[in-house]
Amino acid sequence: MNTLPQQLANGLLLGSMYGLIAIGYTMVYGIVQLINFAHGEIFMTGGFGALTVYLALPSGTSMWALVPLMLIGGGMVAVLIAVGAERFAYRPLRGAPRLAPLITAIGLSLALQEVVRNFYPDADRARAFPGLDNTHDIGSVTIKDADIFLILAAVVCMASLAFFVRRSRTGRAMQATAQDPDTAQLMGIDTNRIIVIAFAIGGFFAAVAAVAYGLKYGNIDYRMGFLMGLKAFTAAVLGGIGNIYGAMLGGLVLGVAETLASAYIDGIPGMQQLGGASWANVWAFCLLILVLLFRPQGLLGERVADRA
Amino acid sequence: MTTPVLEARDVTMRFGGLTAVRSVDFTVNSGEIVGLIGPNGAGKTTFFNCLTGLYVPTEGKVSYKGTVLPPKPHLVTQAGIARTFQNIRLFANMTVLENVLVGRHTRTKEGIWSALLRGPGFKKAEKASEERSMELLEFIGLAHKRDHLARNLPYGEQRKLEIARALASEPGLLLLDEPTAGMNPQETRATEELVLAIRDKGIAVLLIEHDMRFVFNLSDRVAVLVQGEKLVEGTPEVVQADERVVAAYLGTPFEGAPGDEEVAEVEAAEAVAEAAPADSTTSTRGEAQ
Amino acid sequence: MTDTLTKTRPATRGLIPLPSAAAHALILVGGVATAASAYLAWTWTSAFPGNLTFNGYPGGLQWLTFTAGILTVLFALARQGAPGLKWLSPTSNNAPVVLSTLGAFGTTWFTVISITADLGGLANLEPGAYVAAVASLLPLIGALALPQEGAGERPVKETLGHYIAKADRIPAAQATAPWIQRLIITAVTIIGLATFTYGIDTEYGELFIGYLFVVVFAIWAMHTAGLIDRFSALVAGNRSFTLAMGFAAAIAFPFTQTDDHYANIGVNILIFGTVALGLNIVVGLAGLLDLGYVAFLGVGAYTAALVSGSEFSTFSGVQFPFWASALTGAAASLLFGVLIGAPTLRLRGDYLAIVTLGFGEIFRIAVNNLDGDSGPDLTNGPNGIPSIPDLSFFGYNFGESHDIAGFTLGRFANYYLLMVLIMAIVVLVYTRAADSRIGRSWIAIREDETAATAMGINGFRVKLVAFALGAALAGLAGTVSAHVTYSVVPNPYQFAGSTPPNSAFLLAAVVLGGMGTVAGPLLGAALLYLLPEKLVFLQDKSLLAFGIALVLLMRFRPEGIIANRRRQLEFHETGQLDVPDTTTLTDQPAVTKTGA
Chain A
418 MNTLPQQLAN GLLLGSMYGL IAIGYTMVYG IVQLINFAHG EIFMTGGFGA LTVYLALPSG
478 TSMWALVPLM LIGGGMVAVL IAVGAERFAY RPLRGAPRLA PLITAIGLSL ALQEVVRNFY
538 PDADRARAFP GLDNTHDIGS VTIKDADIFL ILAAVVCMAS LAFFVRRSRT GRAMQATAQD
598 PDTAQLMGID TNRIIVIAFA IGGFFAAVAA VAYGLKYGNI DYRMGFLMGL KAFTAAVLGG
658 IGNIYGAMLG GLVLGVAETL ASAYIDGIPG MQQLGGASWA NVWAFCLLIL VLLFRPQGLL
718 GERVADRA
Chain B
49 MTTPVLEARD VTMRFGGLTA VRSVDFTVNS GEIVGLIGPN GAGKTTFFNC LTGLYVPTEG
109 KVSYKGTVLP PKPHLVTQAG IARTFQNIRL FANMTVLENV LVGRHTRTKE GIWSALLRGP
169 GFKKAEKASE ERSMELLEFI GLAHKRDHLA RNLPYGEQRK LEIARALASE PGLLLLDEPT
229 AGMNPQETRA TEELVLAIRD KGIAVLLIEH DMRFVFNLSD RVAVLVQGEK LVEGTPEVVQ
289 ADERVVAAYL GTPFEGAPGD EEVAEVEAAE AVAEAAPADS TTSTRGEAQ
Chain C
-9 MTDTLTKTRP ATRGLIPLPS AAAHALILVG GVATAASAYL AWTWTSAFPG NLTFNGYPGG
51 LQWLTFTAGI LTVLFALARQ GAPGLKWLSP TSNNAPVVLS TLGAFGTTWF TVISITADLG
111 GLANLEPGAY VAAVASLLPL IGALALPQEG AGERPVKETL GHYIAKADRI PAAQATAPWI
171 QRLIITAVTI IGLATFTYGI DTEYGELFIG YLFVVVFAIW AMHTAGLIDR FSALVAGNRS
231 FTLAMGFAAA IAFPFTQTDD HYANIGVNIL IFGTVALGLN IVVGLAGLLD LGYVAFLGVG
291 AYTAALVSGS EFSTFSGVQF PFWASALTGA AASLLFGVLI GAPTLRLRGD YLAIVTLGFG
351 EIFRIAVNNL DGDSGPDLTN GPNGIPSIPD LSFFGYNFGE SHDIAGFTLG RFANYYLLMV
411 LIMAIVVLVY TRAADSRIGR SWIAIREDET AATAMGINGF RVKLVAFALG AALAGLAGTV
471 SAHVTYSVVP NPYQFAGSTP PNSAFLLAAV VLGGMGTVAG PLLGAALLYL LPEKLVFLQD
531 KSLLAFGIAL VLLMRFRPEG IIANRRRQLE FHETGQLDVP DTTTLTDQPA VTKTGA
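Chains as they are written, first to last, in our numbering: chain A, 418 to 725; chain B, 49 to 337; chain C, -9 to 586.
Each hint can be trusted.
Per label pair, the in silico range of CB-to-CB distance:
#1 Ala513(A) - Lys175(B): 33 to 39 Å
#2 Pro161(C) - Gly189(B): 30 to 36 Å
#3 Gly65(B) - Gly548(A): 50 to 56 Å
#4 Pro161(C) - Pro538(A): 56 to 62 Å
FYI, nobody ran anything at the bench for these hints, they're computed from the structure.
Here a beta-carbon is modelled for each residue, glycine too, at the ideal position from N, C-alpha and C.
Chain A extracted, bound-state conformation:
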């Protein structure tokens, strides 16, 4: 099971999750230059929202009904929190020095984690999530139903987003706002609304990723947002901050790199003990440093408004 194709597949799957979450980071950063630290927690609350839907429905409901409903439930929670955060925590700080919204975001992230841990029943340990565990063998690669869901979800989301951004009026308005918010406003674009939409889309995608996560790993945890968020932001930077295609590409690259490193690093002489899952995050971080050193604008280039 540890063949290269399997590892690659695992990496791409992991990477798709990173990519979906990274979209949220990159869209928000591209428009308002804010690292929404709370985005990882939005991912997490999306998962808990989906879990709540699952628990509310009678057991034995078919997965075909369950999954869409969970997506809706999780999506609603995530979007609500994302939009709420923008409206009440970030928007009042639009003109403030950079440090203020960043610190607010950190506070929000902490608060969300703790709210879930304290007030959601039994949330201080991982909570079981329905899994899609049926496996399929394609050549030397084994994947689960959950993985198929993830791939489909990622593709559909990316395609819709690309279509939306290029072809719809709002999408073009979003591009304009990302490039030059002041001029966009002068052109009659309601930049506030655009920003809300960016947060909402990011939130929804994060919820999709959370459902995929739950289906794949069979559990969710109130701490899952922290590390996933960190790595997703790394992916966004890797691909080029502000660039939605970069976000997905960065996610895939990061996922593959992390998986391959965990699997194969201990084969390199001198590094026998540095392989395995326990070091995976270290390699992800090293990759970030390398990218920042040698290609700080990311793989596909940054798309951020030049706010001199």
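For chain A, the structure is supplied; the task is to place chains B and C on it using the hints.
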């Protein structure tokens, strides 16, 4: 005796497909006040940024007192070129004196160890900096407001403070980016006096301006930039009389206008583009203003 | 809140309609009664801590009520212009009175309600409690009936906001002789120390809450009276003396403790306060958001542990003397600071936040993994390095109790005094660095990096110095903390956790206390450490409280508790002559120019 303080040879600046500045030759000699004018979008600011290390020219080179400009703004200041900003960029929450003290940064060298150990050298250096800064504040007339926060100064005084701050680095060339924007006639007059006084101190001055009277009153020479190219250069009288300059400002097309070929190119390109829908999402880093 | 000229302000009516004389009387009578009620018994059983069952002697929370009552009386008398007390309320505004009555009301009613809730019913209250409740309500009513001074037309009803507003202009205090100034500073220091010690020594949560009520409202009252401003002016003129007093108080602290447990709290506050001060250089002065700062503390701690001679250390044969291990710890942290900073500080400021966050996590993971199994054995993995020997200077073993001049200094007290020394060094470093060429360049970079660069400041180098310096200071503090806690383990060095140290805690301490000030981070660290420590029920929710506190702080008071003058102006409109950043129009009637 005129020795060139600043020499720009054949400077071209391209951003992706857009040429903002094209083959500009430009010189400032010591003891001169030179003006740089041109309609909006003419490339003045881009060219200006080539002189301050913010941009490195795609082609050509800029030298200060014979040495090519280093590619980093702080090194350019160290070399001896200081600047002010079109939109005032003071350190708003520092006092007037502190702003000028920061300007002294390149001419002092006390680092972290000196600050921590506070030997006699430190105290001497701080005292000297303060004295020098107060001299500059006296020169521009803000010495009585030394402990006021910069953001509390009225507009005209903020502009003066910016100039003092730039002078603190003991430049040989001072670049003033629209120093009279937003000023009334009295303030403009006062600024004229200030610039002349600066020149009398032996510092060459390069002005970008829109206020024609101001520029023509002060400058020994004026250069006109239109569409990224130097259209004309000469004494104020010569430039004022040149009808191409007038036309460039009023927008009347004239023969041999720079950019004619470009306009034709763009029109041709547009005709081709009509066929295929443009869905480029890349933003080109054009001029900031 | 748009009253314009003070000269012709309309006379105001109180919020509660009472004649002015009655209001004043109510306050005075009520204040005295409140203080007196502390001498009555409030409950019949000592199941409620503090022994409030005596008639004739206040116990526990009653002392707080007593203090608040006295304060109310004093402020009320000052408000009415009693001779000798004018200094307490220089502008004779209502706010100090209102706030002190609120403090009395708050703590008294809190006590009464606590007794009722804890013991299960109003029956548990003795008549004394009812007396206290009524007595503390009266002055509040009276205070809210006070009119504002003023003359003229129609009386206007006061708004609640007016009642707690600080006066617009505080008249400067009369100049006093330097020795009087120093006397005042000394007196304030002693009172401050006593108050702080009382707070640390509170044995049960309810007492701490009552204490907080009184202290917060008392300080707020003094603030609105303008006393804090006046004291700041005093301090500004006597800087070194005040600093010396501060350290004297810090050193005196362990001698006031009979139990080493409180010295333990003291040491921890000092360690975290020192680390927070180091972070203040990075965040508060240079504006660099470092989210993994606690990792530098960890590097220092682990380095010290490794060279401490502990048998679990990989280098168990080596035992550095303290000064050497301190230097090594600081140097190791400095090295990591440079390694992390060098690639990242050239880039967007926001990237630094993520990279430091990552580094914080990586540090913990790496140290956890280097146990010989998943990695070469350097740090003994999750078990960490225990059995770190105590320090010993010139025969003075820190691990043992010593008797000095009749006072007993326990183990923690010893380390406490060492930390005072280290903190003194860090404070010195901070103040000297801030007030120098490099300090100014940090602030310039933080204000406007483009302009700073145009002034010849090498942004990258200057930021790297700040970052590395901060790291080194954290490493230094970490060295001591390793010895204090006997052992170092990977677990505490997280971004966020329920017990300090962790990066979120440190950041919150700096932000809450006040960025860019010396006292701010120390105060922030003290508060954030004490609150969960004292209020046990809060412990589980402390992170939630941090998070919410950060959000609210940034929204309403981003400059923190102790406001650096600059930052306050940075974040708020102040009503001073404010000129917008860019303008193309002047007020003068003349031809205006347009910018490009």
